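A.B. asks: Each chain is listed here by its residues.
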Amino acid sequence: MREVGVVAFAQSDCLAANRGDDMADILAPVIAEAVASLGIERSDIDFFCSGSHDFHEGRTFAYIESLDSVGAWPPISESHVEMDAAWAVNEAWSWLQLGEGDVALVYGIGRGSLATDPDQVSHTLLDPYYLAPLHPHRHAIAGLQAQALLAAGVTTEAALAQVVARSLAAALGNPHAQRSGSHAVHDLLAQPYVASPLRAHDAAPLGDAAAVLVLAAGDRARELAARAGRRPAWIRAMDHRMATHYPGSRDLTRLETVEVAAQRATRMAGFAPADVDVAELHTEYSHAEPMLVQALGLPVGTTLNPSGGPLAGNPTTATGLIRLGEAADRIADGSARRALAHATSGPALQHNMVSLLEGEE
Amino acid sequence: MSRHERIAVVGVGQSQQAKQRQTSIAGLVRESVDAALADAGLGFGDIDAVVLSKTPDLFDGVMQPELYLADAMGAVNLPVTRVFTGGSVGGHAAIYAAHLVQAGLAERVLVVAYSKESEGDFTWALSRPLPFHVSLGAGAGGHFSPVIREYIHRSGAPEHIGWQVAVNHRLNATRNPLAHVQMPDITVEKVRDSPMLWDPVRFLESCPTSDGSAAVVVTGEDEADRISAGTGRPPAWVHGMAWRTETGHFAGRDEVNPQAGADAAADAYAQAGITRPADELDLAELYIPFSWYEPIWLENIGIAGIGHGWRMVDDGRTAFDGDLPVNPSGGVLSGNPTGATGLVRFAEAAQQVRGLAGGHQVDGARRAVGHAMGGASQFHAIWVVGAERP
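The listed protein sequences derive, respectively, from chains A and B.
Following numbering that gives the first Met the number 0, the numbering of the first sequence begins with 0 at its first residue and continues without gaps.
Following numbering that gives the first Met the number 0, the numbering of the second sequence begins with 0 at its first residue and continues without gaps.
The set of hints was computed from the structure by calculation and includes no laboratory data.
All of these numbers come straight from a predicted model, not from anything done at the bench.
Some hints here could point you the wrong way.
Chain A stretches covered by chain B per the calculated footprint, using a threshold of three residues with CB under 8 angstroms from any CB of chain B [unchecked claim]:
#1 51 to 61
#2 118 to 127
#3 234 to 241
#4 254 to 261
#5 332 to 342
#6 345 to 357
Now the stretches of chain A that chain B is said to cover, found in silico as 3 or more residues with beta-carbon under 8 angstroms [stated by the list, open to error]:
#7 68 to 76
#8 88 to 97
Note that CB positions come from ideal geometry on N, CA and C, so glycine has one too.
Between the sequences and the hints, there should be enough to build the whole structure, so can you do that?
C.D. replies: See below:
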């Protein structure tokens, strides 16, 4: 594999609702910040890839508006996934393997705040004939999964509250976080359920933000990272796997797709999730954390979501991308030598991606 | 294509293009997936990545359909990527599949594409009211017709060119049992007399909205040789492929002859060693949703000189028995499952050079171009495929 690493990462503040800026206005300064940090021009970028979402945005071709921030002129080599932008990183990483260029820019923009009633949007993610007509509200399937975990003895309500308390406390150090604070577990447990055993704080909040990540290959990555005063975070492996769609036909307490992705990533990287210092996990619900820790085989000492994670800010379709950016930043700032980034998509963690990153020796 | 592993198409499957209310989305997709795998002599266990092509989710109302379709695509425990770049998406998906092979990340990639327009409202979805925009409810034709007028103005093309393209494509469709629109009795007069939708675009010069799916299997060279030895069916070799995007809205943009389309074609031809496309290609499958886009794209991708594309139509060169048939399958005018339309163009080009195009096989087709366009003509994807190993 060609050596490809993260050389820049920028994100806007995650707001519960940004009513002042449109999609391009949120994104443009973040692209400018990432590009400027490397001392390059936009024309030095060989490939662009993005993730965005028409349904969350409530309009067809939402992605075209975000492209206005790129300013695709003269014409560019470009692609887009209608998924979390972590998958756009995967496409850009694949593209850089071809050797047709050395620098790729990936962006994700999410505006979860736009829906008048998120419950009217979320169920369209499901099988349109058998599941969507049931109109489960947006936390319903997560609640079933969390309940199954309690029944299986994988976690407890108190442990979930501890995940929330730790995440929101960590987010006090993250200036981009939408939510942060010091919370006592017993106060959290006193809150009402939204989908038993989940409470409002167990769910990642909807929010608006953009994130931009620049990848570069080989010596070009070293050169650009040096200009930005950081170390490249080499992506040693990426793998993603899809599970069956139907929540009723899989074991909701086990993430086989994460296990498979982790095994394959381990073979590619030459080190395992258990060897990382920091893991940024796409925990849209608190109960995802114990499941992911188990499936990835993370030991007790691994630092989990030092950014606060999605429970502190969840700009849909940028959330997984931010995990990669935060993991890369921990390598860049020297607080980790190896890091893991996880991204997920779909009901009850149906689709999962595992990336293993490493700093220079 | 000298720098990378050779890429081939070894399996192609397509559903009927029609309004298919009796079939679920998953059933529609599975039809093409099964056919493509059968063509390649492969099973689900042989596939190691899936790329899904689909136009906007709002067209048929399923958000992130790769999730719902995981089972129908046989994708459980596989990496699945859902690409979306407007109507060009099928082309982008095929090229991304080729990149996965060339990057060494997969050996056999299944590309799947579909749309189920009968379960949504395409023109509504393309006409959503937006803040600070006048809501016209004009759909795609409302966008493209001023561009067509500008083409006619610049080129001086006579008005019957659009009618003739519509006749050519609909007659081609009678050779293709999968095509949605079957009008064996179509004439230039009937097109001329059909209702005006978006001046100068008439009803019979417009694409339908269709349900349909398509799937192809893409591999590297060794796999292609092994698979075609087993099936006895030749691969289509990819001689060149490229994608380009340009910004949709700014004053200096020329939507009649978009730079991104010209750049993509020039890149693909350079990879394929093509210097005289009109002479070196045997046919073209182009993304032509409205009849006038035949001369527009012939010029944009360098098959005709600027201002001369309409003459190729007028001289009969692009008809089925011409020297460079365009859309022998019947094209987008005869069937338009938008999410699949781009991949169908790529797949039809491949079937022609494999000699497997059936009733619409062009005699002696050795090299063909598949082309897909999206958005306001801002997304372009193209590949050149051939019967010969590049």
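A.B. asks: The structure should be examined with respect to each hint, and the outcome stated for every one.
C.D. replies: Going down the list of hints, with the structure as the test:
1. Figure legend: the stretch 51 to 61 of chain A, annotated as covered by chain B; annotation consistent (7 residues with Cβ-Cβ distances under 8 angstroms, at least 3 required).
2. With a threshold of 8 angstroms between beta carbons, the proposed coverage of the stretch 118 to 127 of chain A by chain B holds, since 6 of its residues qualify and at least three are required.
3. Evaluation of the coverage hint for the stretch 234 to 241 of chain A: fulfilled, as 4 residues show C-beta separations to chain B shorter than 8 angstroms, against a requirement of three.
4. Under a criterion of three residues with beta carbons nearer than 8 angstroms to beta carbons of chain B, the stated coverage of the stretch 254 to 261 of chain A is upheld, 3 such residues being counted.
5. Only when three residues or more bring their CB closer than 8 angstroms to a CB of chain B does the claim for the stretch 332 to 342 of chain A stand; here the count is 0, and the claim is violated.
6. Here's how the stretch 345 to 357 of chain A fares: 4 of its residues keep a CB closer than 8 angstroms to some CB of chain B, so the rule of at least three is met and the hint holds.
7. Interface restraint, the stretch 68 to 76 of chain A with chain B: holds (8 residues with C-beta to C-beta distance below 8 angstroms; minimum three).
8. For the stretch 88 to 97 of chain A, the stated coverage by chain B is satisfied: 6 residues place a CB nearer than 8 angstroms to a CB of that chain, which reaches the threshold of 3.
Of the numbered hints listed earlier, the single one contradicted by the structure is hint 5.
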